[in-house]
Amino acid sequence: MEKIEIKNISLNNGIEFPLVGLGTFRNADDKKSFKEAVKYAIKSGYRHLDGAWLYDIEDAIGEAIKEVIQESNGDLKREDLFIVSKIWNTFHSREAARQCLNEILANLGTSYVDLLLVHWPMGFSENLGMGPFPKDEQGNRLYSDVHYLETYRALEEFLKEGKAKSIGVSNFNIKQLQDVLDNCEIKPVNNQIEVTPYLQNDKLVEFCQKNGVVVSAYGPLGGSQKSTNRPDLPIVLENPVIVNIGKKYGKTPAQICLRWCIQRNIVVLPKSSNPQRMVQNVQIFDFELSEQDMQDIKKLEQNYRVYSVESLKDHKFYPFNEE
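Residue numbers for the sequence shown follow UniProt numbering, so the first one is 1 and each next one is one higher.
Since the hints were derived computationally from the structure, they do not count as laboratory data. Note that the structure is a prediction, hence the values are computed from the model and not measured. Be a bit skeptical, because a hint or two may be false.
To be verified - With a straight-line cut-off of 27 Å between C-alpha atoms, the simulated DSS-like cross-links for lysine-lysine are:
hint, residue 1, residue 2
1, Lys43, Lys251
2, Lys165, Lys77
3, Lys66, Lys165
4, Lys316, Lys187
5, Lys160, Lys135
6, Lys77, Lys31
Between the sequences and the hints, there should be enough to build the whole structure, so can you do that?
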C-alpha cells in the first residue's frame, strides 16, 4: 500500500497539526466496515482523525487504532496519531463536560485526546435520558443557559490534567471567539467551521488566523446533494469552474476544493469510507493552484451553508446570525 506523507501546520502551542484529517460524521451506520475504513486510512498515511461524542462512532475508531497499532509491530504508536473529539451540547456544565470526556476516552481506548473542542456554543438540557437533542412533550427543543465560557473553562481543566493536549472550539462566530480569547486562561488553538467554495467565511477565517487560531474545515467538499433552498446551484463538485480547474491539473474536483483550502492555511476534514477517495483526498500536496485559480474560486461565494441547523435559531448562542 502506498503511504502518503501529509504536511502539518503549527498550532499556537507549538504542536504540529496534520493539514488533512479524516472526517467521521455520519459514518455510524455500519461500524464494522467503518472500522476497516479507518484502519485503511491510517495505513495509507492519515494521522489526524476527527471525531465527536455525537457521532456515535468513536468506539469503532478506538478499535481501529488498537488493531492498527498491534498489526504494525511497533512501527505505529498512539503518539503518532492526532485524535480530535468534541464535547456535545448536552454536556456544557463543568461536571457534565467531564462525564462526556470520560465517555469519549473510554470509547477511543485512550487516556487523552490531542485536541478537544466545544462542539457548538449552544447548550442543551442536561437531562441525559432524553438523548442528544432533548425536547419537551410538545416537541420544543430544551436548552440550557450554561454559557460556552463555562464549558471552555472545563476544557482548560482537562488540558491541565493531561486529558487533552490542545483545546479549541467549533462553530463559534467572531464575537463568540473574541469572548473566549478575552476570558480564557489557555488560548484556543482551533476553530472548526464549515468552509466550502460556496461558504468561504473570509471574515471569520481572517479573524481566527490574525489571532493565532487555526481554522479547520468540515464539509469542505460542499455536500453531495443539491440544495432544495437553492435549486439553481450545482453541487460544488459539479461546478464548471471547479471541474475545469481540475482538468487543467489532472486532479478531481474534490482535490481542487481541498487544495484551495490548504492554500488558505485551512485544515481540511473530508469524510469518506471509499479507499480510493480516501487516498485521493490526501494527494493534494504535489501541485499548487495559481493566483487566477484562487480568484476564480473566490467568485463562487454564495454565503450558502449546508449545516445551518436552522431549527436551533432561537437559541441565544446560535452562531450563524452574524459572522
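* Unsatisfied constraints (hint numbers, rising) -> 5
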